[in-house]
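**Student:** Here are the chains, one letter per residue:
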Amino acid sequence: MSGWHTGTLTQLAAGLRARKFSSVELVRALLARIDASQATLNAFISVTREQALSDAAAADRALAAGSAGALTGVPIAHKDIFCTQGVRTTCGSRMLDDFVSPYDATVVARLKAAGAVMLGKTNMDEFAMGSSSETSFYGPVRNPWNPQLVPGGSSGGSAAAVAARLVPGATATDTGGSIRQPAALCGITGIKPTYGRVSRYGMIAFASSLDQGGVLTVSAADAALLLREMAGFDANDSTSVDTPVPDYVAALEQPLAGLKVGLLREFFDQGLDAHNEQRVREALKVYEQLGARLTEVSLPNLPLSVPAYYVVAPAECSSNLARFDGVRFGYRCEKPRDLRDLYSRSRGEGFGAEVKRRIMTGTYVLSAGYYDAYYLKAQRVRQLINADFTRAFASVDVLMGPTTPTPAFAIGAKTSDPITMYLNDIYTIGANLAGLPAVSIPCGFVQGLPVGLQIVGPHFSEARVLSAAHAFQRVTDWHTHVPQGYA
Amino acid sequence: MYDFALVFSLRHARREPPMALTREQIASIATLARLDLTSSEVPVYQDSLSRILDFVGALDRAQTTNVAPMSHPLAGLSQRLRPDVVSEQDRHEQYQANAPQVAAGLYLVPKVIE
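Sequence lines, in order, name chains A and B. Numbering-wise (this note's numbering), the first sequence opens with residue 1 and increments by one. Numbering-wise (this note's numbering), the second sequence opens with residue 1 and increments by one.
Don't read these hints as lab results, they were simulated from the structure. For every residue, glycine included, the Cβ atom is placed at its ideal position computed from N, Cα and C. Treat the hints loosely; a few may be bogus.
Here are the in silico distance ranges between beta carbons for each label pair [claimed, not checked]:
#, chain 1, residue 1, chain 2, residue 2, range
1, B, Y95, A, K260, 30 to 36 Å
2, B, L106, A, N236, 23 to 29 Å
3, B, Q79, A, A250, 31 to 37 Å
4, B, L77, A, D98, 47 to 53 Å
5, A, G7, B, S87, 41 to 47 Å
6, B, S39, A, T476, 53 to 59 Å
7, B, V42, A, D269, 32 to 38 Å
8, A, E296, B, S87, 48 to 54 Å
9, A, T390, B, D47, 37 to 43 Å
10, B, V85, A, R281, 54 to 60 Å
11, B, Q89, A, G3, 43 to 49 Å
12, B, V42, A, G271, 30 to 36 Å
13, B, R82, A, P255, 40 to 46 Å
14, B, R82, A, T390, 29 to 35 Å
Modelling step: build the complete structure from the supplied sequences, incorporating the hints.
**Tutor:** Shown next, in the form of structure tokens:
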């Protein structure tokens, strides 16, 4: 199966521009890979074959005419949380099983404008609520490194697709770790940008003060290229930040020597698998050899990030998902007795178990008498965690640590206990609460399964974080490993 | 519509651990959230929500006197204003293509007033 079409996004974009192969040839080859893998991985909810081939033909004409953009003809996939005009957008839910978006998300429109060709929409945890991609209405996604295992979540379809080289890059979203955790578990690179860096317009809302769009790719250089095209101010997103987008690709080669790296003491805790820790420590050694200065830092309130998140995120989710009422779009129950019955049964039947659990948790913590004790308390703790990060960044440039406590786990292993599942995101949630950019990059293997190193930076330091990741990938080859059968 | 019984029960139930929600509380939360639960779902949520609330109870350990609640990650960012001019076109036909039931440009629901 090995060949030119499994190159990195940067290589494929260069190959297209040099006319070494056409976009149609590339898209055909990757569609065949998607078809061949679908029964095993279930990475896609929809494959947009005809549209992809016609977009690829148009891209080839643009390449021939010399009017190509940065990504002209480059195949990508979108997480099925991003609205795509005229294409079914399900968010992994029965609720939106027949929803055809009347407009494009800003991320989708920007990547389209840069010339990227969409091959399809990737599978995910229902409404992005999960850490294993098992809660999808369309069945679980499987990890290409071992199909008995989860790929992580909620962006598990995008992660599995990139890891299996079905596409060189895919969009994803991260509310509590949903880009970085699947990147770690699938052995690829993922970046969650600063809150406000990438437009949330047309990105189906889960928890609006935490949600942020980003990318999953093979390398940090690929992530820099995709992110450069999709980031930036958008008047349609009221929390979009109006600051210029640096050229992340041009900034990749900035020198690493002298970089002050803080090792998060709280991340090297009892919950961290000893083998995982070993791989992360080895990666830190590499940074030291590259000239980084490592110091230990402590963020004492960080252990409270998971409980704070599981108040704030469900609260925002219960409010956001109130729009699904069976009236204007989405699932409607059969033969409603009255309006109340229409709302309750449409929602009861249209949402899956985890989504209902979070809506009810959110409803409870926002209800009268409990609002102060849970919701306001969690927001105050969020402030403490944020202050911890601010203090740390006064003395270091970036923070490093593991992305996850363990490598990928078995499908079904954590579905019975929500708390065990929630604790998967113990190292990633902090960056969401504080709105910080963070990447996960592959840094080795434990019993044949990939392990991720996490790099967190101050607000709007995507260029710094990506260049630090790139420096590591220049001297290591962990990110180039491909799961058996997908090379 | 306010569920007074639930609001009353919540206000007077103190949050002393170990906290276990009753079947009635789960039913009331589901009513507030407009979620129709089957009888087999109720005990499942009774168990998991109780455990989640117990878990997030760890927040009580944090000293937060004089700490302002943080609702947004970017401090100092305020809502942008824009000129009060029409910026959207009428696309209701396109939007209503996704509606379960529409007639004459209107969304249909069961009769509300007898």
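**Student:** All hints, please: hold or fail.
**Tutor:** Hints, verified against the model:
1. With their beta carbons about 51 Å apart, B:Y95 and A:K260 fall outside the hinted range of 30 to 36 Å.
2. Between B:L106 and A:N236, the C-beta spacing of about 27 Å keeps the proposed range 23 to 29 Å intact.
3. For B:Q79 paired with A:A250, a C-beta distance near 33 Å keeps the hint of 31 to 37 Å intact.
4. The given range of 47 to 53 Å is broken by B:L77 and A:D98, whose C-beta atoms sit roughly 37 Å from each other.
5. Taken as a hint, the range 41 to 47 Å holds for the pair A:G7 and B:S87, whose Cβ atoms sit roughly 42 Å apart.
6. Range check, B:S39 to A:T476: about 55 Å between beta-carbon atoms, so the 53 to 59 Å window is met.
7. For B:V42 paired with A:D269, a C-beta distance near 36 Å keeps the hint of 32 to 38 Å intact.
8. The supplied range of 48 to 54 Å is met by A:E296 and B:S87, whose beta-carbon atoms lie about 52 Å from each other.
9. As the Cβ distance of A:T390 to B:D47 is approximately 39 Å, the hint placing it in 37 to 43 Å holds.
10. Judged by the Cβ atoms, the range 54 to 60 Å given for B:V85 and A:R281 holds: they are separated by roughly 58 Å.
11. At about 46 Å, the beta-carbon gap between B:Q89 and A:G3 stays in the expected band of 43 to 49 Å.
12. In this structure the supplied range 30 to 36 Å holds for B:V42 paired with A:G271, their Cβ-Cβ distance being about 32 Å.
13. As the Cβ distance of B:R82 to A:P255 is approximately 42 Å, the hint placing it in 40 to 46 Å holds.
14. Hint check: B:R82 to A:T390, Cβ distance near 31 Å, so the stated range 29 to 35 Å holds.
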